[in-house]
Amino acid sequence: MRVRVGPVQLLLCAIAIYSVFAGRLAPYPAIREHREFPFTPPMRLHWAGFAGVYYCGLQSAGAWRGFSEDCTRKWQLRFFEEGRLVQPAKEGPFFLLGSDELGRDQLSRLLEGGRVTLSAGVAASLLTILIGLAIGIVSGYRGGRLDDLLMALASLFLTCPWIYLLLGIRALLPLSLPSEQSYLLVLVVAASVGWPRTARLIRGVVRSAREREYVTVARSLGASEWRIFRVHLMPELRHVATAQFAVLAPQFVLAEVTLSFVGLGIGEPGVSWGTMLAGLRDVSILLPYAWMALPCIPIAAVFFAFQWVSRRMQYTE
Amino acid sequence: MKRFVARRLMQGALTLWVVSVVGFALMSLVPGSYFDEARLDPRLSPQTVEAMRNRSGELRTLPQRYGEWLVSCFAGEGGYSVVYQVPVLHLMLPRLVKTAQLATAGLALSWLTALVLGAWSANRAGKHAAAVADWLTSVLAAIPELVLACGLMLIGLYAGLVREDNLTIPALALGMGGIPALLPQVRAGLRQVADAPYLELAWAHGIRGWRFTLLFWLRAAANPLLPLLGLSVGTMLSSSLVVEIICGWPGLGPLFLSSVETRDSHVALAVVLIASGLLITANTVTDILQAAADPRIRESS
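Sequence order for the protein chains is A and B. All residue numbers for the first sequence refer to my numbering, where the first residue is 1 and numbers rise by one. All residue numbers for the second sequence refer to my numbering, where the first residue is 318 and numbers rise by one.
Just so you know, these hints were derived from the structure itself, not from any lab. These numbers were taken from a predicted model, which means no experiment stands behind them. Mixed in with the good hints, there may be bad ones.
Listed below are several chain A residues computed to face chain B (Cβ distance under 8 Å; list not exhaustive) [what the hints assert, rightly or not]: (1) C160; (2) I163; (3) R170; (4) L175.
We put the beta carbon where it would ideally sit given N, CA and C, even for glycine.
Start from the sequences and build out the full structure, keeping to the hints where you can.
What follows is the structure in structure tokens.
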């Protein structure tokens, strides 16, 4: 089977490469806490020509007064050491994008969290497409009672607005879980919300493909069901599945973000863009600590990328 | 037509009933309940918790409980909240009003923008408008409501617009979020009918400007546009949950979230049913309106 490299495959590769290297790009492990430096504002880099890049120390104006830079103390940033891209000095912390309430580096958390969020989005889409394919093909091929039953079930799922369904299904599962299990849980919840639309679509494709004249001709020439499926149905289904992926993946990224945002998705100490945004449920922290909203930027970027992919796919059709 | 309406209404009611049965069964079969938490509360004695549990009917069989719940629904209570110790409807009504306010404002905002921009950009003269519409669609489509609401709240906090009961920010977030799904469709719908002979005729009669747009063009485009209404009600309800939570709008969203967290099953079920009910109603109304506008649909179904 020849794999055509289209925009979706390119984007998937980009996500995979990013996921592999995210940990190396981050200056700190995502869960490393600097409790004495909560809510540090983003810090500046100081260039010193060929001598390297410096960052300043932090000084506090007193408890709860925030931090400012104190350039009497300077530390050099070292690059490509100990398997990390950037290595801050041991003496003072370095927060390029600020820190959160526990003094954890926002940049590192963004990088690590993106890995979780994106992989959850991709994995949930793949799972949904698999379920959708299975149900859609069975329904489309078998027809009759089973078809009616499955499609009635699908439309039952579609009568509820998706976010209520998402939280409703989430409510049926244990509320707090360790972070690895909660990752799987997000996948399961997302897939169980997403399958009906995909299954309907696939069923429609299967039904209409089976009615095509060339399929009838192939059958009358003695082609087996399996051959018809492989030669005539597969290419069409593959195309639909790829298009579905481009539509589903950003939705499931959003599903993960939403679930974690409301505190029912990835649990601490796991980190994702959604858990990073969870602090914004008390939105008044945005005023003094605007950098807490930073995950919004990569989320929008991911949406934009997938939108571009969908559009490219429409053009190439 | 009457038979069509009656059948669609019956279908809607039946679907809602099935949702209630499935939802009730699933919610009851889930391990763990509010009382597991209540037992850990030092302010409540074990006897009190047992008494509460008895009263909530947790010890009876599932069909019995469903029957009781159904009866209380018809009595206008909608079940009983174990957390707040009041009938669900008391809890729900003010919240429902709030969500309805917000969703209506959001719907109005997104539809108005989509119609105005859509009509302007579908017009033969509106070349710049098409660019504006394209640009707006692709930018807004890349910003999920959650992000949009955060951004608007930030602006609102700086501008001092964030006060209790101020609809501006949440409605703006909701309305802007609804635009990218609507605008291209509205434009395509208006384009589709733009060359229809009756529009040419109206134009030849010298009807111009808003009279032409409102009385002739939009009316002609009603058929492709109406299905969008049901769709947009669904997305409005979904995105309003997140917007409500971020903007602190006391609607159904925060209530639903807290009921999920505390396992207040009747409240959660009621919210799901109301959300589904609203969506089903919107779809049914859409179908009926469409059938009213186009006899072919009436006959075919």
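Hints versus structure:
1. C160: holds, 5 Å
2. I163: holds, 4 Å
3. R170: holds, 7 Å
4. L175: holds, 7 Å
When held up to the earlier numbered hints, the structure conflicts with none and fits them all.
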